Amino acid sequence: MRNAIPVLGVVAAIMVVWYLAAVWMNAQWTRDQAARAGVEVSFADIVADTLAQDRPRLPAPHQVLLELHALTWTEEVHSRRGIVQSGSLSNRSLVHHGLVTLSATFLGFAFGAGFGILLAIGIVHDRATDMSVMPWAIASQTIPIVAIAPMIIVVLNSIGISGLVPKAIIAAYLSFFPVVVGMVKGLRSPDAMQMDLLRTYSASSFQALWKLRMPASMPYLFASLKVGIAASLVGTIVAELPLGGAGLGTRLLAGSYYGQTIQIWATLLVAAILAATMVGVIGAVQRMTLTRMGMAQ
Amino acid sequence: MSAAPRPHWARPVGVGLAALAALAAVAALVSPGMRGTLAAILTDPRSAALAAIWVGIWLANAWLAARPPPSALVRALVTLLFGATLLLLWELAVRLYSVPAVLLPAPSAIAARFAASLDILWIDFVQTILKGALSGYLIGCSAAFLTAVLIDRSPFLQRGLLPVGNFIAALPIVGIAPILVMWFGFDWQSKAAVVVVMVFFPMLVNSVEGLKATEPMQRDLMATYSAGYWQTLVKLRIPAAMPFVFNGLKIATTLALIGAIVAEFFGSPTRGMGFRISTEVGRLGLDMVWAEIAVAALAGSAFYGLVAFIEKRVTFWHPSQRGR
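Residue numbers (this note's numbering), protein chains in the order written: chain A, 1 to 297; chain B, 1 to 324.
You may find that some hints are simply not true.
Simulated crosslink set (BS3-like; lysine-lysine; CA at most 30 Å straight-line) [said to hold, decoys possible]:
(1) A:185 <-> B:212
(2) B:235 <-> A:226
(3) B:250 <-> A:185
(4) B:131 <-> A:185
(5) B:235 <-> B:131
Please keep in mind that the hints were generated in silico from the structure rather than gathered at the bench.
Just so you know, these numbers come straight off a predicted model, no measurement behind them.
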């Protein structure tokens, strides 16, 4: 809690800068409109107008929050298409698009993290796997994998696989490598002394894995899961760009086509809230697990 | 030692088959459309040939890896053999099953396309990597480092900015690309801006971390020399921060390429790797897409390798660089 005041101070400073930038960046439009209408505008008018434009270059924070509220609560509760009146989520609401993105993210993350952990166990126990796969796994980290997302989507669509799975594949691919690299480090973290102790107990390699390597790898596992789920969300959003239909990425692209800046920012805010919540949940599970295992720092 | 010892290749083969079976089972569960495809693949004699090649090379690798002690040469050989096997299987699979080129072109077709369109690839490389990614990378990383030096003097800013920076570093920042494309236009400036935003926070967090990495003893020594703030900064704290700074620089290389390529999906002039990928996907020219991906992979590895090489020269004193 010692950090609360500085963090709030920095956030407040960001808000102030944001408002100033909004006035500065949107002022040109206001002046142009006034010149066209042939009226003089005072500075106060400019400020008032720049913070309330329909398609500002930079929407003010309160506009983004209002749009978020309008596209979630108002849309679902009061609109004809909302869940209250029609019984299903509105296709305009960010709740619907967020859930679509979230489900692909989770599916991909479950695949990616699961296979990542399995491959890490293989790498730690088998030298051939280690020498064959590990250098490629590390090298693949340096490659902008997201670039192939549109291709995978289109190809999978053309052989009749659509819906969540193509997005989930890309999300899985992105979350896979951080988990492999982190888990290999974690499963190798027990020192020679501890491995020797298990050998004196004549423990099998499965027992060593279950009773020593796995517990020892937990801090590494959670650290890489946090990176992995953030990467998984990025993968899903990028994968949604070439697709029509639903999802935050689709909304971003639609917003940029039609110049709906406030809507883009509201969509970004939803993505940020999702990312922060998911990383926060993993962090909470990490703290609980490590505290119960007596490993918390 | 009662039972006969299992041969050394039994485990890797078993693990591989189990993983494949699990993959197939999951795929069949998730998508009914894949069930028929999988059944057809499993009952095909051509699959047996491919599987035989896979198992054969895997056994060779297991044999090579099992001979103690594996030298650096053997390690490289095993790695390259694995990579070459994947390429070979890809090529054979495409040819044996006559996969249409609009789905998956063979590596040989991609290489031919790569060699035939060097001029286009070069134009795209200059536009995306040199103009977009590299300029954004330099601006973003140096701005982040200078910010780190500035806020280093204020504990208040450090305590406030670090959590915020860590938070922002975890956000899907690529999403900001459409906004920056609106602000800075379609050309490379908007791509560089996306890259600046993407690399800034990971770099900032690592630099601040690095500037804190001196020990009290070292700082006391500088104090006994009556060194001022700037002398301490230049002679002790910045050199000590270098391992952290290079960690940030290495993370930022990949982010820079991702940012530059993805930003082009939101609008670009008629050149650039992201532009080419999205238009060629639309025209089903997948060999060109794969050639661009090969360029991205080569550029990404070379970029990372360059930074790692400079790191080795700069932080030669650090324990992680010794004994290699």
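Hint by hint, here is what the structure shows:
1. A:185 <-> B:212: Roughly 25 Å separates the two Cα atoms, so the pair holds.
2. B:235 <-> A:226: Cα-Cα ~36 Å, so violated.
3. B:250 <-> A:185: holds (18 Å)
4. B:131 <-> A:185: violated (36 Å)
5. B:235 <-> B:131: violated (34 Å)
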